[in-house]
Amino acid sequence: MIRESIKMSWQNISHNKMRSFLTTLGIVIGVTSIIALITIVQGVTGEVTNQFESLGAGKITIQAPGTPLKQGLTDNDIKRLSDIEDVEGVSPTLSIQGSVVRNASVEEGIRIEGKNEVYFQHNPDLISRGRGFNILDMESKNRVAIINETLEEDLFWGEDSIGEAMQINGTTYTVVGVTNNDISTDMMSMGGSGSESKVIIPYQTAMGIAGVGNTSSLELLVSDSNKTDEVIQNVELILNQAFNYKENSYSIINMEDLLDVMNSMTDMMTMMLAGIASIALLVGGIGIMNMMLVSVTERTTEIGLRKALGAEPKRIQLQFLIESIFLSLLGGLIGLVLGLGISWIVSNVIGFTFVPSSGAIGLGVGFSAAVGIIFGWAPARKASVLNPIDALRSV
Amino acid sequence: MMSKEILCMKDIVKVYQMGDEEQAILKGIDLKVCKGEFISILGPSGSGKSTMMNIIGCLDMPTSGEYILSNRIIADLGETELAQIRSKEIGFIFQSFQLLPRLTAIQNVELSLIYSGVPAVERRKKAQKMLERVGLEEKVNHYPNQLSGGQQQRVAIARALATDPTILLADEPTGALDQKTGQQVMELFRELHEEGRTIIMITHDVNIAKKASRLVKILDGNLLEEVVEDD
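Line by line, the protein sequences give chains L and Z.
Just so you know, the first sequence maps onto residues 1 to 395 in the working numbering.
Just so you know, the second sequence maps onto residues 1 to 231 in the working numbering.
Hints in this document: simulated from the structure, not taken from any laboratory.
Check the hints yourself; a few may be wrong.
Claimed, not checked - Here are the computed lysine-lysine pairs in the DSBU-like style, where the Cα-Cα straight-line distance is at most 35 Å:
1) L:17 <-> L:314
2) Z:129 <-> L:314
3) Z:217 <-> Z:4
4) Z:139 <-> L:314
5) Z:88 <-> L:382
6) Z:32 <-> Z:88
7) Z:180 <-> L:314
8) Z:32 <-> L:314
9) L:382 <-> L:7
10) L:314 <-> Z:126
11) L:17 <-> Z:126
12) L:7 <-> Z:125
13) L:314 <-> Z:35
14) L:17 <-> Z:129
15) Z:27 <-> L:314
16) Z:126 <-> L:7
What the hints assert, rightly or not - Selected chain Z positions facing chain L (in silico; Cβ < 10 Å):
17) 114
18) 115
19) 145
Note that the coordinates shown come from a computational prediction; the quantities given were computed from them, not determined experimentally.
Glycine residues also receive a C-beta, built at the ideal position from the N, C-alpha and C atoms.
Required output: the full structure, derived from the provided sequences and hints.
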C-alpha cells in the first residue's frame with residue numbers, strides 16, 4: 001500500500017517538474033543556509049579553538065604588578081612558584097623597546113622581549129632556523145639573540161643571520177636563531193602582530209637593560225592540565241604571601257577557563273544562526289502547504305474517482321502526505337548538497353578545515369522531513385475528507 | 001430470470017438541506033435487483049436519479065430507509081468498510097469516463113485493482129485481459145487523450161469490470177458519446193448482461209433505457225412505475 005502511494009506521489013511530482021522545483025526552492029534555501037552556516041561557524045571556531053589550545057593548554061598566565069612597596073616577584077618568589085607540585089616550568093616575560101643596529105642598518109623602536117629556556121622548550125615550532133635559548137645561555141648570561149623573519153629581512157636583506165653580530169642598545173649580541181612569523185605563542189600577540197619586528201634576548205639580560213629586578217609577568221607550565229585548579233590554589237597562596245594579601249596586586253588567567261567561555265559563546269552563535277535559517281525553512285514549509293492545497297483543489301475529481309474506486313480516506317491522506325514529504329525531503333537533499341558545497345568553498349577561501357557536521361546534516365534533513373509532515377498534514381486531511389460526490393461533480 | 005436478490009431498498013428517503021428549507025429528493029424508494037438483471041433507471045434531470053445512483057454506489061447515505069447490498073446493511077458500515085464495498089461490489093462507469101489523464105489505458109484499469117489489494121503482477125495480467133475483453137488490446141499503452149470517446153468509455157468499462165464487481169453501475173454511459181459509438185457501448189453492455197453481469201444503468205434517454213431487460217422510471221423522487229420489458 002505504501003509502495004503504491006509512493007509511486008503515485010512520485011508520478012505527480014515528476015509530472016509537474018517546474019512547479020515542484022519552485023515549491024521546493026524555499027526548503028532548498030532554508031536547508032542550504034542552515035547547513036552552510038553551521039558548518040562554517042563550527043569550522044571557524046574549531047580552528048580558533050585549536051589555536052587557543054595550542055597556546056593555552058596547561059598554561060597559567062600571571063600578571064603581578066605588585067604593590068607600591070614591592071613591585072613584581074623576586075627570584076625567591078619565582079623559585080617558590082616553580083616548586084609547586086605539577087608545575088613543570090616558569091617562563092617569565094619582559095617586554096621593552098630599543099634600537100637594533102647592524103652595519104649601516106638602524107631599526108628604532110623594536111620590541112625586545114626577555115625570555116628563558118623554558119619558553120623555547122614549550123614552543124618547539126617557534127624556531128625556524130638556528131636554535132632557541134638553553135640553560136647555558138641563561139646561567140652564563142651569554143649575549144645571544146633570536147630575531148624574527150621580519151627583522152632578519154630588514155637587517156640582513158636576505159642573508160643568513162645565524163652567527164652574525166648586531167647591536168642592541170649599543171651592546172653586541174650574536175644571532176643564534178630565527179623565529180617563524182606565522183606562529184604566535186601567547187594571547188597578547190595573537191591577531192596580526194606576528195609580522196612586527198621583534199628580537200628575543202635572555203630574560204636576565206633584558207632585566208638588566210630595563211633596570212628592573214623583579215618579574216611582573218610570567219607563565220606557569222602545568223604538567224597535567226587536570227591539576228590546573230590545584231596549582232592555581234597554590235599560586236594564590238604564594239602570591240598572597242608575597243604581596244601581603246594586598247588587593248589587585250596580581251591576576252591569574254587560566255586559558256582553560258577562557259576556552260570554556262569561548263566555546264559556550266560559539267555554541268550560542270551557532271544556535272542563533274540556525275534559528276535565523278529556520279525562518280527560511282518555515283517560509284518554505286508554507287510554500288509546500290500552499291502548493292499541496294492547490295494540488296488538492298486541482299485534483300478534486302481524481303480524489304473523488306479514487307474514492308469511488310475504493311480508496312480509503314486514510315489512503316488518500318497518506319498519498320498526499322507522502323507527496324509533501326517527498327517534496328520537502330527532495331528540497332532538503334538538494335539543500336544538503338548545496339550547503340556542504342558552499343561551506344567547502346568557504347573553508348578553502350578562509351582557510352579552515354572542512355568538517356561536515358553530522359549534527360547539521362541531521363538537522364537539515366530532519367527539519368525538512370518534519371516540514372513535509374507538518375505542512376502536508378492539513379492539505380492531505382482536506383483531500384481525505386472530500387465528499388466523493390462533490391468531488392466527481394466538480395467537472 | 002434468476003432469483004438471487006443482491007440489492008434491496010426499502011423506503012429510501014433522501015433529504016437535502018437547501019438553506020433553511022429541507023428538500024426531499026427521494027421520497028420512499030423501494031427497489032429490488034436480482035443477480036444477472038440489466039435494469040435501467042430512467043428519469044429527467046432533477047428527478048433524483050443521480051442521488052439514487054450515489055446511494056446505490058455507497059457514495060452517499062440515505063436519510064432514512066434500509067439499503068441492503070450483498071446481504072450487508074449499508075447504514076451499519078464505517079468509512080473504511082464502505083470503501084471496501086465500493087472497491088469489491090461496485091464497478092462505476094461515469095458519463096465523463098473519469099480516466100486519469102497522466103495514466104495509460106492499462107494503468108487506468110489497474111487503478112481499481114490497486115485499491116482492492118491485487119498484487120502488481122496479477123494486476124497487470126488482469127488489466128490486460130479486461131482491455132482485451134472490451135476490444136482495446138492494441139491501445140493498452142495509449143493515454144486517454146490518444147483515444148476516442150468510445151474507446152475511453154470502453155477503458156472505463158474495463159476498469160469497472162476488473163475487480164469482478166457484483167454490480168456494474170453506469171451513470172449516463174452514452175451521454176458524452178455520439179449515437180454510433182453510444183450504440184457500440186450499449187452493445188457491449190448487452191454482451192456483458194448475457195455473460196451474467198448485473199447492470200444498473202441510469203439515463204434520461206428512453207431509447208437507451210429500452211435496451212435494458214427491465215426499466216424503472218423515477219420522477220420527483222418517486223419510483224413511478226415498473227415496466228417489465230418483453231425481451
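Any hints this thing doesn't respect? Which numbers, in order? Those not satisfied are hints 7, 19.
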